[in-house]
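Colleague: Those protein sequence lines, which keep their order, are chains P and U. Heads up, the first sequence is in my numbering, so the first residue is 34 and it goes up one at a time. Heads up, the second sequence is in my numbering, so the first residue is 34 and it goes up one at a time.
Any given hint could be a false lead.
Identical copies look the same in the list; a pair holds intra-copy or inter-copy alike.
[What the hints assert, rightly or not] Here are the simulated lysine-lysine pairs, DSBU-like style, with alpha carbons at most 35 Å apart:
{"#": "1", "residue 1": "50", "residue 2": "64"}
{"#": "2", "residue 1": "50", "residue 2": "79"}
{"#": "3", "residue 1": "105", "residue 2": "79"}
{"#": "4", "residue 1": "64", "residue 2": "79"}
{"#": "5", "residue 1": "105", "residue 2": "64"}
These are computed hints drawn from the structure, not numbers from a lab.
Number of protein chains: 2
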Amino acid sequence: MAQNCPTRQVIGRVGDKWSLLVLFALSTGTKRFSELRSEVQGISQKMLTQTLRTMERDGWVSRHVYATIPPKVEYTLTPLGESLEDSIAVVRRWAYTHMDEIVEAREAYDCRRE
Amino acid sequence: MAQNCPTRQVIGRVGDKWSLLVLFALSTGTKRFSELRSEVQGISQKMLTQTLRTMERDGWVSRHVYATIPPKVEYTLTPLGESLEDSIAVVRRWAYTHMDEIVEAREAYDCRRE
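Next comes chain P alone, as it looks inside the complex:
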């Protein structure tokens, strides 16, 4: 896959750890910034802002601002985002299913290297 291949760029985006975790958090419904911040442990305010902006630009997330005081902002998966989440869920299920095999492989690898 050539570097400028658009699909490679999308896969690079899809492979972004924070996007995957925000996608997962939004899969259970619309969330506010603060809710996302607490649900996706370890993400900084700056990284969450940047991640949401990129996901909105890619058409995975819609951002709705309510003209309340102070303004309320909510994020929701778009149909495109939901379809991506469905395919990512396949990988997540793979991870759940094979977690033990990976842990065993790591232990065996580390033993061989001792």
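Starting from the known structure of chain P, arrange chain U on it as the hints suggest.
Modeller: Below, chain U without anything else, positioned relative to chain P:
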């Protein structure tokens, strides 16, 4: 998903761009280091070495050294690696299918921001 959740760690690994591209390159069969280096455009020697070592440790790739002079080293997906590649292929197909929608979303987003 808590930070120390093992599945989150695996998803973080699976989301690693270079691992995804090496996985894709190996999905067409056993490869030597130099073949992988040329097929995965943009990856440095050091990054490929590190990525292969991590993938081997996670049990996705097997490394075989032939006692030739100079020694020949080949990398092959393990059954675990092949099963991961099958699930990643779902995401790759998603990217192929939705590429145009993403490009359109980006153009619309950029227009709104002008």
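Colleague: Please go over all the hints and tell whether each is borne out by the structure.
Modeller: Against the structure, the hints:
no. : hint      : in the structure
1   : 50 to 64  : both (19 Å within a copy, 27 Å between copies)
2   : 50 to 79  : both (15 Å within a copy, 22 Å between copies)
3   : 105 to 79 : within (18 Å within a copy, 46 Å between copies)
4   : 64 to 79  : within (17 Å within a copy, 40 Å between copies)
5   : 105 to 64 : within (11 Å within a copy, 53 Å between copies)
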